[in-house]
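Peer 1: Chain residues, written in single-letter form:
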Amino acid sequence: MSELSLEKQTNATPDDEVVLEVDQVTLKFGGVVALNGVDFHIRRGEILGLIGPNGAGKTTCFNAMTGVYAPTSGNIRFLGKQVSGRQSHQITRMGIARTFQNIRLFPEMSALENVLVGCDARHKTSVLGALFRAYRVRPKPEELPEITGTGLTRAQSRLRRATAKVFGVSRHTLEERAGRKKAMELLRFVGIADRANDLARNLPYGYQRRLEIARAMATEPQLLCLDEPAAGFNPAEKESLMALIRRIRDRGLTVLLIEHDMKLVMGVTDRIVVLEFGQKIAEGLPSEVASNPKVIAAYLGEPDDAASA
Amino acid sequence: MSTTLLDRYATARKALADNWANGPIWVKLPIVLALISFCFYLPYLNILPFAQIRTDLGAGGTDWSSVLFLIVIYMIAAVGLNVVIGLAGLLDLGYVGFYALGAYSVALFGSPSSPVTEAIARKFDLSEGWAVPFAACIPIAIAFALVAGVILGAPTLRLRGDYLAIVTMGFGEIIRIILRNSEFTGGPSGVIGIPKPPGPEQDGRDYFNSLDVHRWYWLALIVLILLMFAVRRLEHSRVGRSWLAIREDEDAAAIMGVPAFKFKLWAFAIGAALGAIAGLLFASKQGVVEPNGFRLNLSFLFVAMVVIGGSGNMVGVLIGAFLITYLPERFRGFEQWRPFAFGVALVAVMVLRPQGLVPNRRRAKEFEDRRHEAKEAAADV
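Line by line, the protein sequences give chains A and B.
Reminder that position 265 of the first sequence reads as 261 in our numbering, one-by-one numbering, no gaps.
Reminder that position 240 of the second sequence reads as 248 in our numbering, one-by-one numbering, no gaps.
Take these hints with a grain of salt, some might be off.
What the hints assert, rightly or not - Cross-link-like lysine-lysine pairs, in silico, DSSO-like; alpha carbons within 27 angstroms at most:
hint	chain 1	residue 1	chain 2	residue 2
1	A	K234	A	K259
2	B	K270	A	K178
3	B	K22	A	K120
4	A	K120	A	K161
5	A	K290	A	K259
6	B	K36	A	K161
7	A	K24	A	K77
8	A	K177	A	K161
9	B	K36	B	K22
10	A	K77	B	K270
11	A	K259	A	K24
12	A	K136	A	K161
Derived from the structure by calculation, the hints contain no laboratory data.
Given the sequences, and given the hints that come with them, work out the whole structure.
Peer 2: Take a look at the structure:
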């Protein structure tokens, strides 16, 4: 616990390297201006909150960052490289991962397989590689298959280990094995390893939300974008989610968080950007933002309006 | 009554599948080998009562080996279509187009009397009766199918669901109409003199001839086993996983780093190649191709095999192909009733077992859950 608070203090002045730069981004759908000159940046290792009333353009901003929509004007740069104009899967491989506001897992795949799909983003086996498995790699000692089981099963695993030593292992097999290990580790990290083999659609709601985070983390992102991860959570669940987000940051990831719940946002973020009607109306430390009159007006309504109503 | 029987079948099947999935290799391997050997022995099957399954017992029956051969050909096609429909979730109603492409590749390049080989022979001043050897026709057919799969897929795979089905259906018809109306394909009368695979001469005849059909069956069986092995490898790799992810939620898959379009194109091309191999073997055995052999209803038959057997499950698809090809041949006496029986069977499967006879593991679970949900909803009322 003390470590966590210490971490928090050091992150008050995070590394100055800018990970993501949203530069005067405007996004129009016909006549509707969803984003209007939005401009902010995220530094490495920080947790940035993106808040705003419903329809403010938060999710649209996410979609522009992950290649779902291309901005009408303006630039989004990730580690100095242009993001807009690339396809979703390329952006993922650059190092941006996201979760969805309305959960979008692969319902008929197991939790483990869901995470494995994320792991595959970093795998190199091609279709022909998976078919012929001719690309042999000499495995490192720790990558050799372990000897397990009893009797014939044990003999089988011994044989597998011996052949791996002599003939090497195909890259497919090696990646598959490493992926499985990584996926299980991530499931444990988010705390749902006990249901690894259940179909995603059969998992409880809270588990599904956590599985989305694990799947996104499996793509080995540098920037993790969470779209309302606490939607529908009770206070206890929100508390543990906050802890999880801090642990994610401690793993070296930068986090961009969209959230409605003010308590959660104030408790976990280092900095906050506030959007309203597609425009940035405030930016700063949580305490600054919370006392900003514009923000209060956006969330509670203008006092004048209230008086005239 | 029927539901209890159905439930019993469902539990038994599930128990068998689970046992099989958890069984050790030294139990599975002998069983698989025994099954394969039995398949190779099938043409000679003559011990009563098992011989009852033969189709040539009564007068006017079909040659047993020919039926077996056709079953295996359709199995190859069904395994290919299963990649497209069952794994990647792309409804392809024009699969017969690729089947025809394979058949016509070997016909046009391999037959000395086809317009294409004649033109090539004239152009390069080759001797009379020159043709591409059979072995070279195989890569040609596969290459044609892959290219056709990519050409058809590149523009159409941007479509989804019903739209894709309609466009592919059109493709199937276009191929047939082109074959029928073009000079270079021999027009409505087709092509004759399609080459057969080489082999040692036996009893004064070629190894592969029109009398010893069981050898064709064996050849097709070997090809089927190899292709099943290949498809299995793809299924159990990141490729298969990507296909499933695309089937489940294409946009989410793309955002998780799956190059969705590329993998859909691969699924299409691989399916096309398998269809072409089936068509090639079929044409080679027949010795003749004509455009009317590749009507659209064959496409629907292929889809029916995949759906009835259990979309996404290789064993299910094999059983589907077997039933749909075998039953009409075995019960030829009821020939006039065939379309009727087929319709009733389809409706029955869709009502009683919408997931197919041997469903994919996930599909089985999905349908089971839905049934429970429906029961719970009914109980709430």
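Peer 1: Do the alpha carbons of A:K177 and A:K161 lie within 27 angstroms of each other, as the hint requires?
Peer 2: Holds, because 20 angstroms separates the two Cα atoms, which is no more than 27 angstroms.
Peer 1: Taking 27 angstroms as the top limit, are the C-alpha atoms of A:K77 and B:K270 close enough?
Peer 2: Since the Cα atoms of A:K77 and B:K270 sit roughly 24 angstroms apart, the hinted pair holds (cutoff 27 angstroms).
Peer 1: For B:K36 and B:K22, compute the direct alpha-carbon distance and say whether it is at most 27 angstroms.
Peer 2: Roughly 17 angstroms between the alpha carbons, so the hint for B:K36 and B:K22 holds.
Peer 1: Taking 27 angstroms as the top limit, are the C-alpha atoms of A:K234 and A:K259 close enough?
Peer 2: 9 angstroms, holds
Peer 1: Holds or violated: A:K259 and A:K24, Cα atoms, limit 27 angstroms.
Peer 2: Violated - the C-alpha atoms of A:K24 and A:K259 are around 32 angstroms apart, more than 27 angstroms.
Peer 1: Between B:K270 and A:K178, is the straight-line Cα distance small enough, at 27 angstroms or below?
Peer 2: Satisfied, since the Cα-Cα distance of roughly 25 angstroms is no more than 27 angstroms.
Peer 1: Can you confirm whether the C-alpha distance between B:K22 and A:K120 stays at or below 27 angstroms?
Peer 2: Status violated; Cα separation ~35 angstroms.
Peer 1: Verify the proposed pairing of B:K36 with A:K161, using a straight-line Cα cut of 27 angstroms.
Peer 2: At roughly 26 angstroms apart (the allowed maximum being 27 angstroms), A:K161 and B:K36 satisfy the hint.
Peer 1: Below or equal to 27 angstroms on CA atoms is what counts here, so check A:K136 against A:K161.
Peer 2: Measuring from Cα to Cα gives roughly 9 angstroms; hence the hint holds.
Peer 1: So if I understand the rule, the pair passes when the alpha-carbon distance is 27 angstroms or less; does A:K24 with A:K77 pass?
Peer 2: 23 angstroms, holds
Peer 1: Regarding the pair A:K290 and A:K259, is the alpha-carbon distance no greater than 27 angstroms?
Peer 2: 19 angstroms, holds
Peer 1: Could you grab the alpha-carbon distance between A:K120 and A:K161 and see if it respects the 27 angstroms cut-off?
Peer 2: It holds: about 22 angstroms lies between the C-alpha atoms, which stays within 27 angstroms.
The structure does not agree with the numbered hints 3, 11 stated previously, though it agrees with the rest.
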